[in-house]
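Chemist: Residue numbers (our numbering), protein chains in the order written: chain X, 1 to 319; chain G, 1001 to 1290; chain D, 2001 to 2288.
The hints are simulated quantities; they were obtained by calculation from the structure and are not laboratory data. It cannot be assumed that every hint is accurate.
To be verified - Just so you have them, the derived chain X footprint on chain D, three or more residues with Cβ under 8 Å:
(1) 2039-2050
(2) 2128-2137
(3) 2241-2248
(4) 2251-2260
Even glycine gets a Cβ: it sits at the ideal position worked out from N, Cα and C.
Residue-level listing of the chains:
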Amino acid sequence: MAVYILRRLLQVVPMLLLVTFVVFLLVHAAPYDVVDSITTPQMSDETVAAIRERYGLDQPLLVQYGLWLGHVLQGDLGYSLASRHSIAEELAVRIPNTIVLVAPAYVVALVLAVVLGLLAGSRRGKLVDKVIDGLAGIGIATPSFWFALLVIYVFGYVLRWFPIIGMHAVGKQGDPLDFLAHFVMPFLVLVVAFFPELARYVRSATISQLSQDYVLVQRGFGASGGHILSRHVSRNVMLPIITQLGLALPILVTGAIVTESIFGWPGVGPYFLTATRSLDYPVILAVLLLSAVLVIIGNLIADILYVLVDPRIRIGAGS
Amino acid sequence: MADAVTPGPIDAPTDLAPGDVLLSVDGLTVDLPGRTGGRVRVLEDVSFQVPRGRVVGIVGESGSGKTMLLRSLLDLLPEGADRTWNRVLLDGADITSELPRRRLPAAMVFQDPMTSFNPLVRIGAHLTEVAQRFQRVGRRQATALAREALAAVRIPDPDRVLTRYPHELSGGMRQRAMIAMALLARPELLLADEPTTALDATIQAQILALLRTLQAERALTVLIVTHDLGVVAAVCDDVLVMKDGRIVEAGSVDRVFAEPRHPYTRTLLAAAPAAPDEPEPGEAAEGGDA
Amino acid sequence: MTSVPDVAATLDASTLVHRTRSFRSVSAILAIVFLVLVALVSLLAPLLPLDPSSTDLAARWQPPSAEHWFGTDELGRDYFARVVYGGRISLTVGILAMAAATAIGVVVGLVAGYAGGRLDDLLMRFVDFLSSIPWMVLVIVVSVFLKPGLWTIIFVIGAFSWMSTARLVRAETLSLRERPYVGYARYIGVRRVLVVGRHVLPDAAPTIIVAATASISNAILTESALSFLGLGIQPPMASWGSLLETAQGSLQAAPYLALIPGILILLTVLSFNVLGDALRQSVSEGGA
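Let the sequences and hints guide you as you build the complete structure.
Modeler: Structural data, given as structure tokens:
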């Protein structure tokens, strides 16, 4: 078991190198870069060359990559070409903001999806199922940013219950009530965005479990429908979900780009979008790197969880 | 349809007093929704009696309705099924109107032990669940009962097996565990749906011997569904022959095998390959399958 | 269609048509009706008396009325016309991107599934690798390198959403490969390309069609998100997504500007999804 985990960990390293290199190439292949956007035709060639040198743009590709990778491993993600601030510092502020919005939304969506999915799956074809499945279907087809606009209109403009922009009102940092007021709408939008696919999945897993032999056997031994659902089927349905939680790791950082930008929520999203618009390649690269690394780590976690949690898989252990 | 023997009471060699009949079913008819709409009749006016303490085999080809018959008794029919009967007597008492609210004192052993258990739940948990439900005891006592049940089905080292997951046991062990689970429901009637079909030949013999032993030890009445006449010959006292949803012949195994009355029964007997020597009860190994 | 009768029932094109006729689903019929309607209006738009571009600053932000069915936008333009022409773009992007993604996915899936062995391994690793880069981020970054516009966005969506189709087609190919008639065809010496093209592909068609409906839904949603962020369709062209982006500015004054294109996106995507589900049902009812 430990050997398997170790092996998986080692496999991660070349994947990481490959992904980061590809990402580096991608951004580097830009037809023009920020240096071009801060030099003017009036500048002399020496000035331009000096600027290029300062940004390290005259070195061969692999050297640049190596230099950059070295910095990254030391926690230095470079500086934003536009704002000159340390990217790592900016992200250190923004990532928690994103997490504090996305994590609760995902958890709530998951819980709702499990409860409603089990309900729908166990009452297949009945009204409850049609309603839940129908809502999930509509949810999947709904563009989340459009739903955000609707929510803003109804709760922000018409009812005026919640403020529309940002994470807190000026001067009210740290005020929990103020935070909550700002939090509710984007939170709601995210829950609605995450819920439908999860619910569909739970529903179909439930239906498939209920057609298994062991459910018939349970009924044969007098188990009530509720008992079967709560003590047996839910367990079997939750297993793949839990292992897939690892795959949701990147969502914690890049899962709400559009929502954050609509609500002006100071997370990773708007930071990334601004950088893409101004071709601020260190920032773009840093965020891309971060999310690709999270995907790889998330996969790793999912694989390990799977091996740990499913009793049918015991690699290397004797029975 | 020419030579159909009127389905009726099993003609046993001796007259049966009503008190000797555990279960009597009259006029059972079951409809199922068909694949492409419409209804399919799987059981047609089935009537039979199960004498107390006997092992009764129900034999027939696939599609004869034998499994559905068993399932009707425990109300395990598929969604949309329609079940009607004229009369059901339990120990002479008419309980027709009490069904399906009331459960027959029966437990079922299912065909495929691998898929009959929840793969994510340990054997012990499966068993204690049943013990707690049927015997109204607490967790600790239920575990003790589970251990006893495993020992009763001749599983060595029951404590270890209690902690195992289903996939960690062999087929034969799993089936024994399933029988143990059935015992924990304190049934008077043990229903077995093709209990040995999914097992290897040598294990089959062991399981059948086990059933016979348990039946004697606990004065159980057993209903076995099978398509294998060899099983009937090996363990059954009486037999019901089914075809196309009807019982075409009923009687003691000796009589039916020696003097089959219905042409279908004769066909069945003729088609059976020559049976190897039956295993003697004493020869069955004591839970020795790995 | 098959050169040797197959013992196990296969779902060939004629069976699919037969099963399509026995559609019992009300929602599927509604979906088809809606899509046909939208398609017709989009196709015939140039022939209809619609003017999406003439501005009338005196009549800005008019709510829907008999004269302007969807009202007017921030420049006084007839919003119904804007939405119809926006729909043309959205649907065009959806269809073309879907076509590209499906084409790539089918080719990769067929090759990987049929060839097996190392080639299959290699291709699937590539698919996994590509799928491991977070999608939204990747699409945004790549679309930034290319000049934003219609063809860029079709390319970007098509180039990065073929992976799930490839996986589906590969799985289907793997199982179809074992069918007797495929073996017979190889045995009598039919070239592999022909075997795949004449025998495997038609029987994989239902799966491919189902994957295509999912693909088009995905393409429409992605295009609208990118256009909403300003990275997709650029003015003077408009798509439903870019209309939503403009509507954001006048949300308080004229909420219907945001409501309408969004509802259309929802209904279109929903219709494709419902259609795909219904098709998948009849596919699974066919075959052995």
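Chemist: Would you say the stretch 2241-2248 of chain D counts as covered by chain X, given the rule of at least 3 residues with C-beta under 8 Å?
Modeler: As far as the stretch 2241-2248 of chain D goes, the hint holds, because 4 residues have Cβ atoms under 8 Å from chain X.
Chemist: Is the listed coverage of the stretch 2039-2050 of chain D by chain X valid when you require three or more residues with a beta carbon under 8 Å from a beta carbon of that chain?
Modeler: With 0 residues close enough to chain X, the hint is violated.
Chemist: Verify this for me: three or more residues of the stretch 2251-2260 of chain D with a beta carbon less than 8 Å from a beta carbon of chain X.
Modeler: Holds: 5 residues of the stretch 2251-2260 of chain D have a Cβ under 8 Å from chain X.
Chemist: Would you say the stretch 2128-2137 of chain D counts as covered by chain X, given the rule of at least 3 residues with C-beta under 8 Å?
Modeler: Since 6 is at least three, the answer is holds.
When each numbered hint is compared with the structure, a violation occurs for hint 1 only.
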